[in-house]
Amino acid sequence: MLNGTAAPPQGFQPLVELYRRLLNPQLKLLMNQLRMSVEEVPVVLYTMRPQLLRYKSGCRPKQINLRWKTEWHHSKDQVSTTTCHSRRICAQLLRRTAHKVICSRCADMLCCSQVLIPAHIETPREILAEYTGGEPLLQGELQDLEMSFQRLLAIRQVVQEELGLDAAPSTVVCAAMKDVQATAQKLGMKPDVSYLWDDNEVLKGQPHVLCVPPYVAMDGERKQQLLKFLQKELPTESLSEDVSDFMLGAKEAQRSLWRDDRGGLHYSIHECGPDHSRFPIPELPLHYDTPGFLGMCSAESVGQSRSQGGFSGWLAEFWSAAWLKDSEFMESRKAWKETATMVW
Amino acid sequence: MGDIEVHANNFEERRKPLDEVLVFTKERGLDVLHAIFEGSVPSVFSSFKRPGSRPDTACAAQLVCFLDIDKCSIYGQDGNDLAIAMQWMGKVSALQAISRLLLPR
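First to last, the protein sequences are chains A and B. Here my numbering is used: the first residue of the first sequence is 875, the next is one more, and so on. Here my numbering is used: the first residue of the second sequence is 1136, the next is one more, and so on.
Bear in mind the hints are in silico, worked out from the structure with no lab data behind them. Fair warning: this is a prediction, and the values are worked out from it, not measured in the lab. Treat each hint with caution, since some may be false.
To be verified - Simulated DEER-style distance windows between Cβ atoms:
| id | chain 1 | residue 1 | chain 2 | residue 2 | range |
| --- | --- | --- | --- | --- | --- |
| 1 | B | Ala1196 | A | Leu1012 | 47 to 57 angstroms |
| 2 | B | Ala1196 | A | Pro1010 | 46 to 56 angstroms |
| 3 | B | Ala1196 | A | Asp1119 | 49 to 59 angstroms |
| 4 | B | Ala1196 | A | Lys1102 | 41 to 51 angstroms |
| 5 | A | His1140 | B | Ala1196 | 47 to 57 angstroms |
| 6 | A | Ala1041 | B | Ala1196 | 12 to 22 angstroms |
| 7 | A | Gly1123 | B | Ala1196 | 42 to 52 angstroms |
As the list claims (entries may be wrong) - Partner residues aside, some chain A positions facing chain B, computed with beta carbon under 7 angstroms:
| id | residue |
| --- | --- |
| 8 | Leu889 |
| 9 | Leu892 |
| 10 | Leu897 |
| 11 | Val915 |
| 12 | Pro916 |
| 13 | Val917 |
| 14 | Val918 |
| 15 | Tyr920 |
| 16 | Arg1025 |
| 17 | Met1063 |
| 18 | Val1086 |
| 19 | Val1090 |
| 20 | Leu1108 |
What the hints assert, rightly or not - Every beta carbon over 10 angstroms from chain B, so not counted as near; a handful from chain A, in silico:
| id | residue |
| --- | --- |
| 21 | Lys936 |
| 22 | Glu1035 |
| 23 | Ser1151 |
For every residue, glycine included, the Cβ atom is placed at its ideal position computed from N, Cα and C.
In isolation and in its complexed conformation, chain A is listed as follows (with noise of 0.2 angstroms):
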């Protein structure tokens, strides 16, 4: 087994900043707009990853069940408890069954299907750590899920990072269909006013659950962006005929390499106009009078404090004409103007 270690794994902070350019940039905007009407907003990334559960090995002709750290999976009194909410999670057994609540069955599947990797953890090998299956794997199984690992932790930095959480987001892996309130009542958190955005139709009408278009095509600036970024850190001349047979290999819709009649290998990244649809929000009681994204807010701003009473001092600089001749003012209206849109 191998030991768990502090130090960020080498080559880690490249894939970081790739990830930094893939991010959506929705995330962003859903995280603003949320913020100015909800006083906290924590966040869990929850992805289905089979592989990081029901491992194919490539080494080996088997499916090996990955048990990590019994704390870490779902237990089943948690899980049993919860009324079937995402009847799809086990359509087929309701349907011969015609059970209303969620079976035994798909109690066991929920149980082994999803594992929470918690927010202190640090490093893919910390992860691996903490295997506990009945089946050893080999060097090169272990290998290959450290990637893994590594991959998902550094989008969860990013994440953290671009969406200025305090402290990483803790990471819900599974196997099968997501359950939002189910997950959210393991975390110890409140199923009621937690929601999920998600890009799977099949997710669709289900309680708190956000439906979201795919984030498979960014705009030309971006694209740019992240092009030249790897043309500098992984230029296309310098992929082995390994790495540059397997992006080749992919389906076309997401192939990301492609070979010219020369031979030539580019990158390939799906374009899409500027205007993206927005990220959909639930319905919360809202309120702007003090709008915190301008930096006027603050009444302190104009030496009045707002326990005096009168009148607040965004509002006088915001109905000041002078400010319409100031570039920062201009770019705090454009915010507004951005803003008001996005949220009426």
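Using the hints provided, position chain B relative to the given structure of chain A.
The following block gives chain B in isolation, referenced to the frame of chain A:
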């Protein structure tokens, strides 16, 4: 808007006497907003309140934001192999020896 403009030209001047100078009525406020937004005042101002008065509706205390990763938080399916390629191509030197057979396809 005359008294506003007089003081708007000088920041220091604006700081102190604003409260005394501005006769801040809702009607007048909306007039200025119409000027600023060229007639199309966002509906966000529809419940425009006198400054200092808190709204009746409080902020929601908490919302737990669960985010899917692939094709939602990040581009494509795990970055459409780009991250895997980066790991393979020596950016993670300890893992260079991985056989491509190990990667699920």
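So, going through the hints one by one against the coordinates:
no. : hint                                      : result
1   : B:Ala1196 - A:Leu1012: 47 to 57 angstroms : holds, 49 angstroms
2   : B:Ala1196 - A:Pro1010: 46 to 56 angstroms : holds, 47 angstroms
3   : B:Ala1196 - A:Asp1119: 49 to 59 angstroms : holds, 53 angstroms
4   : B:Ala1196 - A:Lys1102: 41 to 51 angstroms : holds, 43 angstroms
5   : A:His1140 - B:Ala1196: 47 to 57 angstroms : holds, 50 angstroms
6   : A:Ala1041 - B:Ala1196: 12 to 22 angstroms : holds, 19 angstroms
7   : A:Gly1123 - B:Ala1196: 42 to 52 angstroms : holds, 49 angstroms
8   : Leu889                                    : holds, 6 angstroms
9   : Leu892                                    : holds, 6 angstroms
10  : Leu897                                    : holds, 6 angstroms
11  : Val915                                    : holds, 5 angstroms
12  : Pro916                                    : holds, 5 angstroms
13  : Val917                                    : holds, 5 angstroms
14  : Val918                                    : holds, 5 angstroms
15  : Tyr920                                    : holds, 5 angstroms
16  : Arg1025                                   : holds, 5 angstroms
17  : Met1063                                   : holds, 5 angstroms
18  : Val1086                                   : holds, 6 angstroms
19  : Val1090                                   : holds, 6 angstroms
20  : Leu1108                                   : holds, 5 angstroms
21  : Lys936                                    : holds, 13 angstroms
22  : Glu1035                                   : holds, 13 angstroms
23  : Ser1151                                   : holds, 13 angstroms
Every hint, counting from the list given before, is met by this structure.
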